[in-house]
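2 protein chains.
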Amino acid sequence: MVQTSNERSRIDRKRLEILRGAAGEFRRRGFEATGMRDIARAVGLQPGALYYYFKNKQEILYFCQDTSLDRLLQAARRVARLRVGPAERLRRIIVEQMKCMLDELQGSAAHIETHALPPRLLEKIIRKRDAYERLVRRIVEEGMPRGAFVKRDPKLVTLAILGAMNWSIKWYRPDGAKAAQEIADVFADFLTRGVKR
Amino acid sequence: MVQTSNERSRIDRKRLEILRGAAGEFRRRGFEATGMRDIARAVGLQPGALYYYFKNKQEILYFCQDTSLDRLLQAARRVARLRVGPAERLRRIIVEQMKCMLDELQGSAAHIETHALPPRLLEKIIRKRDAYERLVRRIVEEGMPRGAFVKRDPKLVTLAILGAMNWSIKWYRPDGAKAAQEIADVFADFLTRGVKR
Numbered sequence: 000m001v002q003t004s005n006e007r008s009r010i011d012r013k014r015l016e017i018l019r020g021a022a023g024e025f026r027r028r029g030f031e032a033t034g035m036r037d038i039a040r041a042v043g044l045q046p047g048a049l050y051y052y053f054k055n056k057q058e059i060l061y062f063c064q065d066t067s068l069d070r071l072l073q074a075a076r077r078v079a080r081l082r083v084g085p086a087e088r089l090r091r092i093i094v095e096q097m098k099c100m101l102d103e104l105q106g107s108a109a110h111i112e113t114h115a116l117p118p119r120l121l122e123k124i125i126r127k128r129d130a131y132e133r134l135v136r137r138i139v140e141e142g143m144p145r146g147a148f149v150k151r152d153p154k155l156v157t158l159a160i161l162g163a164m165n166w167s168i169k170w171y172r173p174d175g176a177k178a179a180q181e182i183a184d185v186f187a188d189f190l191t192r193g194v195k196r
Numbered sequence: 000m001v002q003t004s005n006e007r008s009r010i011d012r013k014r015l016e017i018l019r020g021a022a023g024e025f026r027r028r029g030f031e032a033t034g035m036r037d038i039a040r041a042v043g044l045q046p047g048a049l050y051y052y053f054k055n056k057q058e059i060l061y062f063c064q065d066t067s068l069d070r071l072l073q074a075a076r077r078v079a080r081l082r083v084g085p086a087e088r089l090r091r092i093i094v095e096q097m098k099c100m101l102d103e104l105q106g107s108a109a110h111i112e113t114h115a116l117p118p119r120l121l122e123k124i125i126r127k128r129d130a131y132e133r134l135v136r137r138i139v140e141e142g143m144p145r146g147a148f149v150k151r152d153p154k155l156v157t158l159a160i161l162g163a164m165n166w167s168i169k170w171y172r173p174d175g176a177k178a179a180q181e182i183a184d185v186f187a188d189f190l191t192r193g194v195k196r
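For the protein sequence lines, the chains are A and B, in the order given. All residue numbers for the first sequence refer to numbering that gives the first Met the number 0, where the first residue is 0 and numbers rise by one. All residue numbers for the second sequence refer to numbering that gives the first Met the number 0, where the first residue is 0 and numbers rise by one.
The following block holds chain A by itself, in its conformation from the complex (with noise of 0.2 Å):
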């Protein structure tokens, strides 16, 4: 089957949106006992038009870390380019990435369940979660000779700011009362001001 481009971006957009349905299921029930129907049923798909689009879970999944990891890296590419100081960049990404987490992957923990995945696709993941995390890191380094930043070991400092981002799996609920906006703000602010001088 030959695909134009429209039915390709067609195809792309059908698939972001399943994307979105299957992580609220995985937040829900956690990835092991999510299956294809609850998927399909979420997204109010038949099972088989579901299977039109993905193979099986796996490939969900897949999509759902490759996926989430080139928007953080866009972001991060992006926020390395603008003209401002590093604490307004490390603002930047840490909103960037909460809204990602809490909004694109509705808190789930999808991007981060690693496990379930082939050992090629893995590496892939990991090659470009490694190079999210050294932007990352980048930022917080440029800042401390600058004197902008307080110098700290930048490896443990950037460990700390992912892991409380991270963390927001393990509470963040969709239906809260917080919005995914305000929770954004109060971490970049509080995360922020932990470095700088």
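Derived from the structure by calculation, the hints contain no laboratory data. Glycine is no exception: its CB is placed at the ideal position from the N, C-alpha and C atoms. Treat each hint with caution, since some may be false.
[Stated by the list, open to error] Which chain B residues face chain A? A few, computed with CB under 8 Å, are given here:
1) Ile124
2) Leu158
3) Ile182
4) Phe186
5) Asp188
6) Gly193
We have chain A; now place chain B onto it with these hints.
Chain B in isolation, oriented as in the chain A frame:
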């Protein structure tokens, strides 16, 4: 069998020793994949002797979570009685929690993997964990009206602090380049600075 208090404390010491070995195995292999045999080998006991101290893996897991939460609660209450300011209180509780997680628990997720507990035990653990989180939040809250800390949603700030620490189960290795005390100090400094005015 009637146990004298001497026997009792000998058994308790042995149980703590087993706990440490088990936590190391849980970290290396994951809780699901670890068997009583692996734990016995790690602590240099015959499997039969291990069963004298713990009926099964769930019992070790419960003892692990219960003991570490008791330790955290004790530390939090000790800190609450100190005649020091909120920033110093927060710094100390962070150091205590990090050392408990990295040293006692060998950086394992055993204290967090509550889904493996039967409901009755799970409920007890959740009650203790909530009590601990309240004590940490109280430190954060108390610093705000006094002007020691900036005014931010104390619940979100507490979640960020606890999350940064808890995420260490994903990256900490007891044989890594950084000692637990060094990591604890950097985390305490960074996270306290995040709220200090």
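Quick rundown of the hints versus the structure:
1. Ile124: violated, 15 Å
2. Leu158: It holds, given that the least Cβ distance between Leu158 (chain B) and chain A is near 6 Å, below 8 Å.
3. Ile182: holds, 6 Å
4. Phe186: holds, 6 Å
5. Asp188: Since the shortest Cβ distance to chain A is 7 Å, the answer is holds.
6. Gly193: holds, 4 Å
Going through the hint list in order, the structure does not satisfy hint 1, though it satisfies all others.
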